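Given chain D, put chain X in place with the hints provided.
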Amino acid sequence: MAIFPLALLLATPAIEPQVTKPNAKVQEIEGRFKAARPDEKRLAFYSLDWAMSLTEAKARAKNENRPILLILNTNITAGTNFFSGHT
Amino acid sequence: MDHVRGSSLAWPDSLETLRPFIVTWWSGRTIEDMPADIAAVFSASGIQHSHINLALVALDSKGEVLRSTVPWVNPPSFGFDAEAQGRNFNAQLDELLSGLKLPVANNPAKPKLTLPDVAGKTQPSGVRILLTFAENRLNHYRTPIVEAVALTDALRKSLRYPAVGGTLTAAQLKPWLEQIYPAAIMDGQGGFQKIAGKLEFKAAGSDSTYHYAVAEGDVQFVLDNANGSSYHGTLSIALKYRRSDKGLFSVRGVFEADVPKGPEWIHMTAALESLPK
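From first to last, the protein sequence lines are chains D and X.
Heads up: the first sequence runs through residues 1 to 87, numbered per this note's numbering.
Heads up: the second sequence runs through residues 1001 to 1277, numbered per this note's numbering.
Think of the hints as simulated: they come from the structure by calculation, not from any bench.
Computed from a predicted model, the values in this text were never measured in an experiment.
Hints are supplied without guarantee of correctness; some may be wrong.
So, partial list: chain X residues that the calculated Cβ filter (under 7 Å) puts toward chain D [to be verified]:
| no. | residue |
| --- | --- |
| 1 | Ser1027 |
| 2 | Trp1072 |
| 3 | Leu1115 |
| 4 | Glu1147 |
| 5 | Val1149 |
The C-beta atom is built at its ideal place from N, Cα and C for all residues, glycine as well.
Same shape as in the complex, but just chain D (with noise of 0.2 Å):
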């Protein structure tokens, strides 16, 4: 019977839990991901210099000698917000 020195067994470092890879499926829905992102020219209508409320709007006004276009609009049966799109 081979005798295992207790000298090397002692040595031996703590095994390090596997590392491995990302599965096939993280991938697949990551790619599916950047697929299903829309573009910069798809997002165009975000590319306005838009200001998160008519206060925010003022203030940078005044400090930029800019001119504000406030854009308003109702909806009686649904939540409304022109901004997100959920009008």
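Then chain X, alone, in the frame of chain D:
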């Protein structure tokens, strides 16, 4: 309003016409909901409508009203032709701004995207959901809908690294799922009769920096409109966790479904991404 966003304001010439402006908006159910600062501008604009599909008010750099208009936006009269509608809308913008002496920027900043976001710099602080729609007969939804949702403690808890696997329910993911619906549901209240489904949630490998997990399953939606419009599809999510403490680091997801719009079914795709990265 999806035609206003998609075929009018996003028309390339309209975007260029509006580059000098800081653009902001107010949306609500009725004009009675306007906060005081918006109501003051509305009053000064001289607009008499009690219901506003769309109104535009130009203000100077001091916030004083220069001019206003209620543009005529009527997709059927253009045969739902986005180009014809875009050209007409830009002509209305030109008319609104004609003769106004607007400040000229010497070094205008290069346009950059401003997308809905969440407060906070913690990674992750929230999730952005970008909804796009396939081409359709009446040119609906040409501009994506984008929403951002803060990551609540409850969501963070639900998404803890699934060392032994498990299930995520639609109820646990409701803050995200309730943003996955098309715009312009004319008789809807912006809500749902039902969101239901289960996702299998399991570990999916690791590398030297991260652990990974995936969640995938079918989700059914029933809107709160009169017809109870419904759709369903598969939601797939890839999650990344810091290897050091197994804390959630990032989220990427996709959902696809065909959604009803009048007599048509339009393919809707949702891309989910964590914020800020």
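Going down the list of hints, with the structure as the test:
| no. | hint | result |
| --- | --- | --- |
| 1 | Ser1027 | 4 Å, holds |
| 2 | Trp1072 | 14 Å, violated |
| 3 | Leu1115 | 5 Å, holds |
| 4 | Glu1147 | 5 Å, holds |
| 5 | Val1149 | 11 Å, violated |
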